[in-house]
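Asker: Below are the chains, spelled out letter by letter.
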Amino acid sequence: MNKPYTAVPSFAGSTIIACATLAFAAALALQPAYAADASNGKVLADSHNCAACHGPGLNKPVSPEYPKLAGQHADYIYWALRQYQMGSGNPHLGRNNPIMQAQVQSLSQSDMKDLAAYIESLKGDLIDKK
Amino acid sequence: MKKIVGKHVIIGAITTLACFAVTAQADIVGDAKAGQGKVAMCIGCHGIPDYRTAYPEVYHVPILGGQNAQYIMNALRGYKKGDRHFETMHAIAASLTEQDIADIAAYYAAQTAASKNNPEK
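These protein sequence lines are chains A and B, in that order.
Position one of the first sequence corresponds to residue 1 (our numbering), numbered consecutively onward.
Position one of the second sequence corresponds to residue 1001 (our numbering), numbered consecutively onward.
Everything labelled a hint here was simulated from the structure, so no lab data went into it.
Any given hint might turn out to be false.
To be verified - Below, computed lysine-lysine pairings styled on DSS-like, alpha-carbon distance capped at 25 Å:
id, chain 1, residue 1, chain 2, residue 2
1, A, Lys130, B, Lys1080
2, B, Lys1116, A, Lys123
3, B, Lys1081, B, Lys1038
4, A, Lys129, B, Lys1033
5, B, Lys1038, A, Lys129
6, B, Lys1038, A, Lys130
Predicted, not measured: the structure shown is a model, and the values here were computed from it.
Produce the entire structure from the sequences given, and follow the hints as far as they go.
Answerer: Listed below in structure tokens is the structure:
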């Protein structure tokens, strides 16, 4: 009959619940399951001038040494970008390309996911065959 | 006099060697048809829809069809040398000659939406 929680005024109770909900929402927002935003990826691709090397539509590189990107798997692109960011600082995983290393330094993890989603959404020459 | 002759001989020898090195490099031309018979190790992963790596990160293996040949060649040389890091790719690339690398690159670069899957599979 004399339950302790009934002694708490209902106003305080709802505040606690509201706080808990907020904390839960914040925790959710910080989770790694991040929905990539291809439209932000396009903004980043333009501002970083990817097309200067990878060509129009990121499908016609200006030199055959550079890869076509349009339509490439987003998770592979994300990993490649992370490897460039590690660069020579990580001798086991990093990729060493001076241009790409400089390009990706300012990108956050979510920026790289957005870029990757944008690249995958583009139509190009790449085709998955045996 | 003797000194001058010696110098000329050395310069001549270096020039000849340099020319030889350049031609040796230029002699390797990728042949897509030959590449068709050399991709047995590639198609176990590349070209299988949704195929993913397991370690150190999970991701779809890259699409190779239609990619620039020169880029593929540089990538294979990077795996062979260890500049690029992926154990499986290192093991495979290390077994390839420069001619193999050129042929495989030519094979993938030539693929289009109209290409048939490898008949030798």
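Asker: Does each hint fit the structure? Answer for all of them.
Answerer: Hints versus structure:
1. About 22 Å separates the Cα atoms of A/Lys130 and B/Lys1080, which keeps this hinted pair within 25 Å; it holds.
2. Taking the CA atoms of B/Lys1116 and A/Lys123, the gap is near 20 Å; set against the 25 Å cutoff, the hint holds.
3. For the hint pairing B/Lys1081 with B/Lys1038, the CA-to-CA distance comes to about 20 Å; that is within 25 Å, so the pair holds.
4. With a C-alpha separation of about 15 Å, the suggested pair A/Lys129 and B/Lys1033 falls inside the 25 Å cut-off, and the hint holds.
5. About 15 Å separates the Cα atoms of B/Lys1038 and A/Lys129, which keeps this hinted pair within 25 Å; it holds.
6. At most 25 Å may separate the alpha-carbon atoms for a hinted pair to count; B/Lys1038 and A/Lys130 meet this at roughly 12 Å.
In terms of the numbered hints stated before, the structure departs from none.
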